[in-house]
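Given chain W's structure and the hints, the job is docking chain C onto it.
One-letter residues, chain by chain:
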Amino acid sequence: MTDLADLSIAEAGRRLRSGEVSAADLLEAVRRRATMSEAQLHAFLTLDTEAAAEAAEAADEALARGEDHGPLHGIPVALKDNMVTRGVETTASSRILAGYRPPYDATVVERLRAAGAILVGKTNLDEFAMGSSTENSAYGPTRNPWDPERVPGGSSGGSAASVSVGSSFAALGSDTGGSIRQPAALCGIVGMKPTYGLVSRYGLIAFASSLDQIGPLTRTVEDSVTVFEAIAGHDPADATSYRGDVPDVRAALEGGVEGLRIGVVQEFSGEGYEADVEEDFRRVVGLLEGAGAEIVEISLPSVEYALSAYYLIAPAECSANLARFDGVRYGLREEGASVEQMMAATRRDGFGPEVTRRILLGTYSLSAGYYDAFYGQAQKVRTLVARDFAAAYERVDALVSPTSPTTAFPLGAKTADPLAMYLSDVCTLPSNLAGDPAISVPTALDRSGLPIGFQVLAPTLGEPVMFRVARAVEALAGFDARPGLATSEGAA
Amino acid sequence: MPVDIDIAKVARLARIGLDAEELERYGAQLGDILEHAGRVQALDTDGVPPTAHPLPMVNALRSDEVEPSLERDEVLAQAPEREGPYFRVPAFLEDEA
Chain W
7 MTDLADLSIA EAGRRLRSGE VSAADLLEAV RRRATMSEAQ LHAFLTLDTE
57 AAAEAAEAAD EALARGEDHG PLHGIPVALK DNMVTRGVET TASSRILAGY
107 RPPYDATVVE RLRAAGAILV GKTNLDEFAM GSSTENSAYG PTRNPWDPER
157 VPGGSSGGSA ASVSVGSSFA ALGSDTGGSI RQPAALCGIV GMKPTYGLVS
207 RYGLIAFASS LDQIGPLTRT VEDSVTVFEA IAGHDPADAT SYRGDVPDVR
257 AALEGGVEGL RIGVVQEFSG EGYEADVEED FRRVVGLLEG AGAEIVEISL
307 PSVEYALSAY YLIAPAECSA NLARFDGVRY GLREEGASVE QMMAATRRDG
357 FGPEVTRRIL LGTYSLSAGY YDAFYGQAQK VRTLVARDFA AAYERVDALV
407 SPTSPTTAFP LGAKTADPLA MYLSDVCTLP SNLAGDPAIS VPTALDRSGL
457 PIGFQVLAPT LGEPVMFRVA RAVEALAGFD ARPGLATSEG AA
Chain C
0 MPVDIDIAKV ARLARIGLDA EELERYGAQL GDILEHAGRV QALDTDGVPP
50 TAHPLPMVNA LRSDEVEPSL ERDEVLAQAP EREGPYFRVP AFLEDEA
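Residue numbers (our numbering), protein chains in the order written: chain W, 7 to 498; chain C, 0 to 96.
Simulated from the structure, these hints should not be mistaken for laboratory data. Please read these numbers as outputs of a predicted model, since none were measured by experiment. Check before you lean on any hint, since a few could be wrong.
Straight-line Cα separation of at most 25 Å, SDA-like style, residue types lysine to any residue; simulated pairs [what the hints assert, rightly or not]:
(1) C:Lys8 <-> W:Arg330
(2) W:Lys386 <-> W:Tyr376
(3) C:Lys8 <-> C:Arg24
(4) C:Lys8 <-> C:Gly37
(5) W:Lys386 <-> C:Gln40
(6) W:Lys386 <-> C:Gly16
(7) C:Lys8 <-> W:Leu338
(8) W:Lys386 <-> C:Leu54
(9) C:Lys8 <-> W:Gly382
(10) C:Lys8 <-> W:Arg363
(11) W:Lys386 <-> W:Ser216
(12) C:Lys8 <-> C:Ala90
(13) W:Lys386 <-> W:Ala245
(14) C:Lys8 <-> W:Leu425
(15) C:Lys8 <-> W:Gly358
(16) W:Lys386 <-> C:Arg38
(17) C:Lys8 <-> W:Val345
(18) W:Lys386 <-> C:Pro49
(19) W:Lys386 <-> C:Arg24
(20) W:Lys386 <-> C:Ala90
(21) W:Lys386 <-> W:Gly375
(22) C:Lys8 <-> W:Glu341
(23) C:Lys8 <-> W:Glu346
(24) W:Lys386 <-> C:Glu34
Bound conformation, chain W alone (with noise of 0.2 Å):
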């Protein structure tokens, strides 16, 4: 029999509704899984156990009633932890916001809640977003449910290996440069970033503003849909905000690809990819085509471009944003005789290796006289970019790709070397800066039982036929298997 913890959103809500569980079940059954699972994962920094289990019981209250909220409604939802949350403690996994607890909630905090969904805790991170394995968190690494000593992917690790073990339905992740994509497609889940500004980002501890987004984390593409309805649309808080109609995505959902053009993005393989991700990337095109789909090579020459234009980005924005943690209005103070010496101290004790590279880098980058050589022709080449997908989407409706170039790596791997922790998104990047929305699906595991990600990228407000393709890849690839730790034979 199918644990409670192991259901879509879809399939929990129709149970939901005939009256066979309450969403305090399907609360009690996240934390059981998270009972057996969080000593070896550390998906959570916080789980906000009493306000979870109050906000059940309104939720069976509300039902009773006839009050029903959408398909989010009694729903246990996790948060990565740099979206705030008002009273509970939100870190971004940094030594330097320890204890802080925001006075206001993010608005997709607030559009969940209005969802109906219960929140369950505030997932573990690398700091700041800035990471690809979820180990760059001052309170230590989140582990992958395939195999523990792997990472899970990163930046939004914890959200990913919550879901992916059930101990939430569903989670939100942030999306810099892949921090969505990537881990979803080592813990074999369903991760997507929107196009950018299609979901406010007030609240979201900021990392790189022209390149964030926040994006849900689910088991189903289905359920993807759901969460992204629930987060989507504009809000006067957030300037960036985009102003128009959310597309509809759920209404073309089951549409099939028969008739569509695919392109396969040729830079997107070779040199460093491993050859069970190139071979299952390859069998799932084939599915596609054989479905009806028309199968479209297609160059994307500036991507080669990409990852070293996303490096002198986001840091140089990164040192921006960063600024603002500086010892006076919240977090962390060290002692200094002087401002200066308090905050030079406070900056240097509060934040952690590799926040503290990106921002010297960024620094360096908008420095005068370098800034034309590196920030300046790197906002160049983005555009370079944008007009080599927008030439390619002339010609085919979707694009598609490996999510990353290898599956989980084992803890400690790539640490000690940026550059090759740096590679990991070099698949996803391109879409960050070209503000498009894609997506990973899990579509098969490697020769060594770890999960691989298909990703599908769709032009400029093109969620509809992105998630019209991720819907055919999961349905023609058929994965459904489940990592060890989610069954209580795997925790014991």
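For chain C alone, kept in the frame of chain W given last:
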């Protein structure tokens, strides 16, 4: 392209107090990353406008109306040090000399 970095100056601009050993380590790492990232300089970008924002957007304005803001005490309660309705910091005027 080898990159020349005055790492002590960069650390001071970033307000991060690092010791000599840390400066040397971060300096070397930045050199490696910038050498890779500096590849962008090889691209011909004559006449290419920089991307300031991924979507074409104009200024987001709202009407100038008073709305409720955050609770002052709740905000100040998060400060490492406060004095009444203010954030308190070490003296800084001496720095300006």
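Each hint tested on the structure:
1. At most 25 Å may separate the alpha-carbon atoms for a hinted pair to count; Lys8 of chain C and Arg330 of chain W meet this at roughly 20 Å.
2. Between Lys386 of chain W and Tyr376 of chain W the CA atoms are separated by roughly 15 Å; this keeps the pair inside 25 Å, and the hint holds.
3. A distance of roughly 15 Å separates the Cα atoms of Lys8 of chain C and Arg24 of chain C; the hinted pair therefore holds under the 25 Å criterion.
4. Simply put, Lys8 of chain C and Gly37 of chain C have alpha-carbon atoms about 20 Å apart, close enough for the 25 Å limit, and the pair holds.
5. A distance of roughly 10 Å separates the Cα atoms of Lys386 of chain W and Gln40 of chain C; the hinted pair therefore holds under the 25 Å criterion.
6. Proximity of Lys386 of chain W to Gly16 of chain C is assessed by CA-CA distance (about 33 Å); at most 25 Å being required, the pair is judged violated.
7. For a cut-off of 25 Å, the pair hint linking Lys8 of chain C to Leu338 of chain W stands: about 24 Å separates their Cα positions.
8. Restraint check for Lys386 of chain W and Leu54 of chain C: the C-alpha separation of about 15 Å stays at or below 25 Å, so the hint holds.
9. A distance of roughly 21 Å separates the Cα atoms of Lys8 of chain C and Gly382 of chain W; the hinted pair therefore holds under the 25 Å criterion.
10. Distance hint between Lys8 of chain C and Arg363 of chain W is fulfilled; the C-alpha atoms sit about 14 Å from each other, no more than 25 Å.
11. This hinted pair checks out: Lys386 of chain W and Ser216 of chain W have alpha carbons roughly 14 Å apart, not beyond 25 Å.
12. Our distance criterion of 25 Å between C-alpha atoms is met by Lys8 of chain C and Ala90 of chain C, whose separation comes to about 23 Å.
13. Among the hinted pairs, Lys386 of chain W with Ala245 of chain W is consistent with the structure: their alpha-carbon atoms are about 23 Å apart, no more than 25 Å.
14. The suggested pairing of Lys8 of chain C with Leu425 of chain W holds, with an alpha-carbon distance near 24 Å, which does not exceed 25 Å.
15. At most 25 Å may separate the alpha-carbon atoms for a hinted pair to count; Lys8 of chain C and Gly358 of chain W meet this at roughly 20 Å.
16. Annotation: proposed proximity of Lys386 of chain W to Arg38 of chain C holds, straight-line Cα distance about 13 Å (limit 25 Å).
17. Distance check on the hinted pair: Lys8 of chain C and Val345 of chain W sit about 18 Å apart at the alpha-carbon level, within 25 Å; holds.
18. For the hint linking Lys386 of chain W to Pro49 of chain C, the alpha-carbon distance of about 4 Å falls within 25 Å, and the restraint holds.
19. A threshold of 25 Å between alpha carbons decides the hint, and for Lys386 of chain W with Arg24 of chain C the separation of about 30 Å lies outside it, so the pair is violated.
20. Between the alpha carbons of Lys386 of chain W and Ala90 of chain C the distance comes to roughly 43 Å, so the proposed pair goes past 25 Å and is violated.
21. Pair hint Lys386 of chain W plus Gly375 of chain W holds up; C-alpha atoms about 17 Å apart against a cutoff of 25 Å.
22. Taken as a hint, the Lys8 of chain C and Glu341 of chain W pair is honoured in the structure, with Cα atoms around 22 Å apart against an allowance of 25 Å.
23. At roughly 14 Å between alpha-carbon atoms, Lys8 of chain C and Glu346 of chain W fall within 25 Å of each other, so this suggested pair holds.
24. Distance restraint check for Lys386 of chain W and Glu34 of chain C: the Cα-Cα separation of roughly 18 Å lies within the 25 Å cut-off, and the hinted pair is therefore satisfied.
Against the hints set out earlier in the document, violations occur for numbers 6, 19 and 20.
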